[in-house]
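Asks: With chain R's structure known, arrange chain P on it following the hints.
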Amino acid sequence: MIVFFQSLLSGVLIGGVYALIGIGLTIIFGVMRIINFAHGDIMMIGMYLTYNLFAMAGIDPFLSIAITIPIMFVFGALLQKLFINRVLNALPQNQILLTIGLGLIMSNTMMLIYTSDYKILSTSYSSSSVKLFGISISEPLAISFVITAAITALLYWFFLKTDTGQAIRATAQDREAAQLMGINVKRMSIIAFGLGAALAGTAGALISPTYYIFPQIGSIFTLKAFVITVLGGMGSILGATLGGVIIGVAESMGAVYISSGWKDVVVFVLFLLVLLFKPAGLLGKSRM
Amino acid sequence: MKDTSAKNVHGKAGFKSAEPIVTLLVLAGLALFPTLVSSPYSLHLMILLFLSIIMGQSWNIVGGYAGQYSVGHAAYFGAGAYTTMLLMQQWKIAPWYGVWAGMAVAVVVALVVGSICFRLRGPYFVLASIAVAEILRLSTMNLKDLTNGAEGILATEIPPLTIAGKVITDFSTKVPFYYIGLGLVVLTIVVTFLVQHSKLGYYFQAIREDQDAAHSLGINLTFHKNIALIVSALLTSLAGSFYAIYIGFIDPPTVLGLDISVQIVLICIIGGIGTIYGPVVGSLVLVPLSEALRSNIIAEAIFATGAVSPTSGVGVFLKENLAHAHALIYGVLVVVVILFMPDGVLGFVRKLTTKRKGERS
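Sequence lines, in order, name chains R and P. For the first sequence, the numbering used here assigns the number 1134 to the last residue and increments by one with no breaks. For the second sequence, the numbering used here assigns the number 365 to the last residue and increments by one with no breaks.
By construction, these hints were calculated from the structure, which means they are not laboratory data. Just to be clear, a hint being listed does not mean it is correct.
With a Cα cut of at most 30 Å, we get these calculated DSBU-like pairs of lysine-lysine [as the list claims (entries may be wrong)]:
hint: 1; chain 1: P; residue 1: 148; chain 2: R; residue 2: 965
hint: 2; chain 1: R; residue 1: 927; chain 2: P; residue 2: 355
hint: 3; chain 1: R; residue 1: 1007; chain 2: R; residue 2: 927
hint: 4; chain 1: R; residue 1: 1032; chain 2: R; residue 2: 1007
hint: 5; chain 1: R; residue 1: 977; chain 2: R; residue 2: 1109
hint: 6; chain 1: P; residue 1: 96; chain 2: P; residue 2: 148
hint: 7; chain 1: R; residue 1: 1124; chain 2: R; residue 2: 1109
hint: 8; chain 1: R; residue 1: 1032; chain 2: R; residue 2: 927
hint: 9; chain 1: R; residue 1: 1109; chain 2: P; residue 2: 148
Here are the computed distance ranges between Cβ atoms for each label pair [unchecked claim]:
hint: 10; chain 1: R; residue 1: 850; chain 2: P; residue 2: 190; range: 58 to 68 Å
hint: 11; chain 1: P; residue 1: 227; chain 2: R; residue 2: 1128; range: 28 to 38 Å
hint: 12; chain 1: P; residue 1: 300; chain 2: R; residue 2: 955; range: 11 to 21 Å
hint: 13; chain 1: P; residue 1: 220; chain 2: R; residue 2: 992; range: 51 to 61 Å
Nothing here was measured: the structure is a model prediction, and the numbers come from that model. Heads up, the beta-carbon is just placed ideally off N, CA and C, and yes, glycines get one too.
In isolation and in its complexed conformation, chain R is listed as follows (with noise of 0.2 Å):
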């Protein structure tokens, strides 16, 4: 019993971070219509930004996400209004194909940088854990759980409260009429890109600690983003949350019941089903 506790607790813990890349995933679809290829490969840069902070600069990856988050923004605006903005009215497979070259020049040109050696960010804590009625807790994981958890709520307040949360969910649900209105779509579009971005390149330097750094792992969680956002419910804010945490358990359940090497395929075995059966995702309006 402890086993499935542990195994529950660490799976909702991992899970939070994945809600992260899944909400900035389904930012980006929400308003533009647009899959982005390149998500886990942002996410990847933030994870060598927040490399370079600890390893030159000496900042603790959880601080340094006060740096990283701006960074990051600015860096998804550009994407966006050089790149994505040009093909907004493209055929959607060659809107994914764009974000998968994106991608593919990004994990490249890191991979010049710092080539594809395996790096290890170890702090202090990396390794430690505390206990709590007999279950133990990574101490990184558990940080970063609860930043996630105020980033998220800090980003409910930005979309429900604010003026630009809510034109940025005007523009998601009617692009045109959000238009008509007098909202500045492209503009909403550059936020919103640049909002997702940045949520990535956070869970990047979130997850730091705790995985390596190469510059291939983007693809392994843009994939993931994916199942999340699907199983959600795409353009649904609170079913990526959902969907995270779901993945996050199914993934630490799968690899103590079944085993570590399997457990990937839990998840993409769980995708399909959802495409099967739900293909609207959990929480999500049906955009087939």
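Replies: Then chain P, alone, in the frame of chain R:
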């Protein structure tokens, strides 16, 4: 799927009369190539080019003609590669029998993919096709007893090809691979030509242009999409088997990875999808470029300009790393093509030539 109707028109009446002669000349030149050039490296380059054309041409049938953007073609490539290799290494079955088994496995995979993924459209179809290929890759990694897992399979010895007791070739040089590759290229181009000019091909294109309209005209969507996928899977599986026997080593990331799926799509996108020569043009652009990066010709060229000295820090760095980043060129090319030539290089060239003709008349 909506606004392609005006694009992808195969009108080029001016070339039509010269086309058969040119094709025959090119084929004759290619058939004589190994007798004129004996350097193994140029043969290797040509074989890579053939392999790329076969892969692109196979995808083109389901992606280009039927408009179903599968980004999971590694599943069929890997099915062919793994079946042929396993039969050869574990049960000593010669590859020219194994190839057929590989094709059978690929059809089974295609039927599974088709039954799951063809209920979905657009981005959802893309995601589902990736998921199936990933499940196959992860399973191959984990079924260590059967597939040797992440260590991969090394071909220790290829049995010689004999017909009626007479040894045709023992595969000791690259020449037999060259001719097999050339044969497969011709086969895939002929299949594509037949598809394009048959009723089946028109059904495929109708589905690509507007699914719902095609459906309302009585075209069975699921059936025809599955046919396109099966033809494509058969040819992709052949490419996989050919790759496995030629290179002599396979492991899950190289034959079942997402990279190979993306690469297959890019060959067509860069050349121009839904055209017979698109994959050929795409391969002619991609293979030399990525080989140039891989073999450090680009780094040497940078040194030759004198901008960077080979002994300086940057020079050493470029020499060591540029070779590993050959996939960078794929990324840059695809971004350029999507933004500036949405119909591929071939479509772009055609647009330029028709424009010039228009100006002249």
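Asks: Given the range 51 to 61 Å, decide if the beta-carbon distance of residue 220 of chain P to residue 992 of chain R lies inside it.
Replies: holds, 55 Å
Asks: Does the Cβ distance between residue 850 of chain R and residue 190 of chain P fall inside 58 to 68 Å?
Replies: holds, 60 Å
Asks: Taking only the CA atoms, is the gap from residue 1124 of chain R to residue 1109 of chain R under or equal to 30 Å?
Replies: Given pair residue 1124 of chain R, residue 1109 of chain R holds - Cα atoms ~22 Å apart, limit 30 Å.
Asks: Can you confirm whether the C-alpha distance between residue 977 of chain R and residue 1109 of chain R stays at or below 30 Å?
Replies: holds, 25 Å
Asks: Mind checking the alpha carbons of residue 148 of chain P and residue 965 of chain R for me, to see if they're no more than 30 Å apart?
Replies: Between residue 148 of chain P and residue 965 of chain R the Cα gap is close to 28 Å, so the pair holds against 30 Å.
Asks: Regarding the pair residue 96 of chain P and residue 148 of chain P, is the alpha-carbon distance no greater than 30 Å?
Replies: holds, 19 Å
Asks: Is residue 1109 of chain R within 30 Å of residue 148 of chain P, Cα to Cα?
Replies: Since the Cα atoms of residue 1109 of chain R and residue 148 of chain P sit roughly 16 Å apart, the hinted pair holds (cutoff 30 Å).
Asks: Do residue 227 of chain P and residue 1128 of chain R keep their Cβ atoms within the hinted range of 28 to 38 Å?
Replies: About 32 Å separates the Cβ atoms of residue 227 of chain P and residue 1128 of chain R, which means 28 to 38 Å holds.
Asks: Is it true that the C-beta distance of residue 300 of chain P to residue 955 of chain R lies inside 11 to 21 Å, as the hint says?
Replies: holds, 18 Å
Asks: Checking one constraint from the list: CA of residue 1032 of chain R to CA of residue 1007 of chain R, max 30 Å. Satisfied?
Replies: OK: residue 1032 of chain R and residue 1007 of chain R at ~21 Å, within 30 Å.
Asks: Check whether the Cα positions of residue 1007 of chain R and residue 927 of chain R lie no farther apart than 30 Å.
Replies: holds, 26 Å
Asks: Quickly compare the C-alpha distance for residue 927 of chain R and residue 355 of chain P to 30 Å and report which way the hint goes.
Replies: holds, 27 Å
The structure meets every hint from the earlier list without exception.
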